[in-house]
Amino acid sequence: MVFGRISRIKSPFYPLLCLILLCALAAGCAPKIVKPNPPHPGFPGAYRAGPVAEQELQAVQANLKVIYFDYDQYTLVPEAQASLQYNAQILQQTPHVRIVAEGHCDERGTAEYNLALGERRARSAVNFLASLGIDPQRISTVSYGSELPADPGHNETAWAQNRRVYLRAVQ
Amino acid sequence: MILSHKINGNLAHHGRSMVLFFLLFFAVSVAAAPNPAFAKLVIDVSDPSLVRMPIAVGDFMSDQPGVINGAELARILKNDLHLTGLFQLVEIDPALPYAANGSPDFQKTSEMGIQALVSGQVHVQGDQLVLEARLYDVALQKQELGKRFTATNRQARQIVHRLGDRILDQLTGIPGCFSTRIAFAGAANPRELFSMDFDGHDLRQLTNNGSINLSPRWSPDGRSLLFTSYMRGQPETWWLETVTGKQALISGRPGLNASARYSPDGREIALSLNNKGIPKIFIISPQGDILKRLTDGRGNDISPSWSPDRSAIAYVSDQAGTPQIYLIPVNGGQPRRLTFESNYTTDPDWSPRGDLLTFTARIEGRFHICTIRTDGTDMRVLTREGSNQAPAWSPDGRMITFASTRDGQSRIWVMDARGTVQVPVSPIPGKAPAWGPEVR
Chain R
34 MVFGRISRIK
44 SPFYPLLCLI
54 LLCALAAGCA
64 PKIVKPNPPH
74 PGFPGAYRAG
84 PVAEQELQAV
94 QANLKVIYFD
104 YDQYTLVPEA
114 QASLQYNAQI
124 LQQTPHVRIV
134 AEGHCDERGT
144 AEYNLALGER
154 RARSAVNFLA
164 SLGIDPQRIS
174 TVSYGSELPA
184 DPGHNETAWA
194 QNRRVYLRAV
204 Q
Chain B
14 MILSHKINGN
24 LAHHGRSMVL
34 FFLLFFAVSV
44 AAAPNPAFAK
54 LVIDVSDPSL
64 VRMPIAVGDF
74 MSDQPGVING
84 AELARILKND
94 LHLTGLFQLV
104 EIDPALPYAA
114 NGSPDFQKTS
124 EMGIQALVSG
134 QVHVQGDQLV
144 LEARLYDVAL
154 QKQELGKRFT
164 ATNRQARQIV
174 HRLGDRILDQ
184 LTGIPGCFST
194 RIAFAGAANP
204 RELFSMDFDG
214 HDLRQLTNNG
224 SINLSPRWSP
234 DGRSLLFTSY
244 MRGQPETWWL
254 ETVTGKQALI
264 SGRPGLNASA
274 RYSPDGREIA
284 LSLNNKGIPK
294 IFIISPQGDI
304 LKRLTDGRGN
314 DISPSWSPDR
324 SAIAYVSDQA
334 GTPQIYLIPV
344 NGGQPRRLTF
354 ESNYTTDPDW
364 SPRGDLLTFT
374 ARIEGRFHIC
384 TIRTDGTDMR
394 VLTREGSNQA
404 PAWSPDGRMI
414 TFASTRDGQS
424 RIWVMDARGT
434 VQVPVSPIPG
444 KAPAWGPEVR
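Heads up: the sequence lines are chains R and B, in that order. Start counting the first sequence at 34; every next residue gets the next number (my numbering). Start counting the second sequence at 14; every next residue gets the next number (my numbering).
Because the hints were derived from the structure by calculation, they are not lab data. Careful, some of the hints might be misleading.
Claimed, not checked - From the derived model, a few chain B residues whose C-beta atoms are all more than 12 Å from chain R:
| id | residue |
| --- | --- |
| 1 | Leu-102 |
| 2 | Gln-141 |
| 3 | Ile-187 |
| 4 | Ile-225 |
| 5 | Leu-227 |
| 6 | Asp-314 |
| 7 | Ile-315 |
| 8 | Asp-322 |
| 9 | Asp-331 |
| 10 | Thr-335 |
| 11 | Thr-418 |
| 12 | Pro-440 |
Said to hold, decoys possible - A few chain R residues that face chain B, going by a derived Cβ cut-off under 8 Å, partial list only:
| id | residue |
| --- | --- |
| 13 | Thr-143 |
| 14 | Tyr-146 |
| 15 | Ala-149 |
| 16 | Gln-170 |
| 17 | Arg-171 |
| 18 | Arg-201 |
Just so you know, even glycine gets a beta-carbon here, dropped at the ideal spot from N, CA and C.
Generate the whole structure from the sequences, applying the supplied hints.
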């Protein structure tokens with residue numbers, strides 16, 4: 034409507050009007066054009082919340098601690114609980130950041146059961162965060178079983194690194 | 014299209030030979046003998062009760078040796094027979110010793126201890142390949158089977174497998190499964206799905222989505238597969254028609270949608286889905302609608318396997334603290350724990366005959382392929398090297414395919430149901446094999 038009206042004005046002031054309008058646009062007075070969020074390549078539920086600056090996501094991600102587990106276990110050892118308490122503080126300060134809890138296992142297990150174990154590890158982390166006041170609706174789970182080791186080695190050090198829940202900060 | 018008919022119409026169906034009785038007796042004894050010695054964990058790969066039948070396969074004779082390699086074709090059959098674990102392949106002179114009348118020299122082969130003998134002739138008619146093959150009982154000096162197979166030149170391997178199927182049928186009463194294919198997940202990234210002949214030939218890539226694809230399982234008609242894929246970022250159950258490449262999402266609920274298997278009649282799917290955040294066994298329709306939740310409790314439940322009569326499902330649950338195999342009636346009832354011998358038993362696969370399950374057990378820190386009867390007795394450990402997992406029966410119940418790292422990388426292996434013969438077959442690294450049905 035606005036543009037249609039301007040186009041009908043036959044006046045020597047027309048260039049001036051255009052200039053004024055451009056200034057207004059630059060100042061943010063013009064109607065806002067709302068763009069849909071770009072589809073997120075990860076978990077489909079991950080882009081329901083509003084946009085979060087990429088730098089902020091990176092900052093949150095850099096501070097989140099990885100939660101480690103004992104062999105064959107999905108219960109949270111004291112160190113894992115401490116990591117989650119630390120993570121909960123970060124998440125409380127960034128309520129608009131969503132989280133994907135990725136559950137992983139080491140290679141010393143069978144692939145399909147490891148999917149279940151990875152899912153349960155992720156769920157253990159979500160439940161503990163919920164007990165600390167983090168809305169579980171902010172967190173989705175993905176189990177990767179033993180498919181994506183953090184350390185490709187075949188020794189105790191590698192296995193300990195691979196039995197983990199990685200909290201991925203997403204929009 | 015493979016045409017086949019008997020070229021020897023007067024093959025006696027009465028008065029089955031000593032050869033036949035021999036194999037039938039031992040085939041039955043393999044399947045049925047509950048040996049108290051195996052009540053506990055015993056690595057048993059040399060049960061003396063099975064004596065393998067000495068069999069010889071002569072190089073197939075070809076009237077155009079440059080075009081068709083008769084020795085190569087005979088090798089396909091020898092490998093088939095070897096992999097069943099039922100035969101001792103006896104090497105004989107490349108050209109069979111023939112008597113003056115054109116029939117095999119039974120005297121000579123008998124002196125070598127050979128009990129069964131296969132001969133074959135191949136010739137080319139245009140683009141058609143014709144294989145004429147005979148199976149002889151050496152002791153009785155009698156032809157047991159005569160078959161003529163016609164196919165295109167490109168199907169040479171297939172018609173030799175068909176011959177093997179018929180030889181097994183003749184000698185044991187149950188056809189072989191040499192004409193079947195195995196699907197598996199590649200072990201390298203991206204983890205696409207592949208299929209191959211059961212002996213590792215004719216490798217075909219089935220998916221190309223650049224993601225992680227796991228746990229393929231065939232539909233009963235062998236035309237499609239269910240599998241778990243991360244192509245949308247989380248583990249979801251997908252359907253794939255192998256010939257057309259057509260795909261459809263079957264279950265994409267939040268959390269796990271994994272280890273889906275068709276029921277034997279193809280009308281239902283059992284799989285693991287989250288129930289309040291805990292993976293449980295559900296039954297859904299082939300379209301993906303939930304029909305019922307089968308398991309309850311606090312355990313993580315996964316890897317369902319249907320009994321061949323569809324009445325029960327074996328699955329893995331860690332409700333007792335470690336993953337163990339349980340059986341549960343499909344139409345209501347309590348689960349019964351099947352395995353107690355190891356603190357880690359997973360990957361159950363119910364045998365097509367219904368009497369056994371094969372599964373993975375952790376024994377002294379290593380994973381091994383085992384079998385157990387459905388009443389929980391007679392557990393046998395079939396592997397003893399490397400790390401082995403994900404066993405699946407052949408459709409005739411005589412062989413098991415599994416993934417093993419004993420050569421360094423994870424590859425697909427096949428073995429007979431007693432573990433006497435174990436051979437790697439996949440030409441590329443792979444895991445999670447699924448043995449397809451016989452497709453006629």
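The hints, checked one at a time:
1. Interface exclusion of B:Leu-102 from chain R stands, the closest Cβ pair being 33 Å apart, more than 12 Å.
2. Listed as outside the interface, B:Gln-141 is consistent with that label: its C-beta sits roughly 44 Å from the nearest C-beta of chain R, beyond the 12 Å cut-off.
3. Taking the minimum C-beta to C-beta distance to chain R, about 29 Å, the non-interface status of B:Ile-187 holds against the 12 Å cut.
4. Distance to chain R contradicts B:Ile-225 as a non-interface residue, since its nearest Cβ pair spans about 5 Å, not more than 12 Å.
5. Not every Cβ of chain R is farther than 12 Å from the Cβ of B:Leu-227; the closest lies at roughly 7 Å, contradicting the non-interface assignment.
6. Not every CB of chain R lies more than 12 Å from the CB of B:Asp-314, the least distance being 7 Å, so the non-interface label is violated.
7. Some Cβ of chain R comes within 12 Å of the Cβ of B:Ile-315; the nearest lies about 4 Å off, and the non-interface call is violated.
8. Under the 12 Å C-beta cut-off, the non-interface status given to B:Asp-322 relative to chain R holds; the minimum distance is some 24 Å.
9. Not every CB of chain R is more than 12 Å from the CB of B:Asp-331 (nearest about 8 Å), against its label as outside the interface.
10. Separation of B:Thr-335 from chain R is inadequate, the least Cβ-Cβ distance of about 7 Å not exceeding the 12 Å criterion.
11. The claim that B:Thr-418 lies off the interface is violated: its Cβ sits roughly 9 Å from the closest Cβ of chain R, which falls inside the 12 Å cut-off.
12. Listed as a non-interface residue, B:Pro-440 keeps its Cβ farther than 12 Å from every Cβ of chain R; the least gap is roughly 21 Å.
13. The closest approach between the C-beta of R:Thr-143 and any C-beta of chain B is roughly 4 Å, which is under the 8 Å cut-off, so the hint is satisfied.
14. With a cut of 8 Å, the hint placing R:Tyr-146 at the interface with chain B holds, because the nearest CB-to-CB distance is about 4 Å.
15. Residue-level restraint check for R:Ala-149 holds (minimum Cβ-Cβ distance to chain B is 4 Å; threshold 8 Å).
16. Against a cut-off of 8 Å between C-beta atoms, the interface hint on R:Gln-170 is violated, since the closest Cβ of chain B lies about 11 Å away.
17. Here the hint on R:Arg-171 is broken, as its CB sits about 13 Å from the closest CB of chain B, past 8 Å.
18. The beta carbon of R:Arg-201 is not positioned within 8 Å of any beta carbon in chain B (closest approach about 11 Å), and the interface hint is therefore violated.
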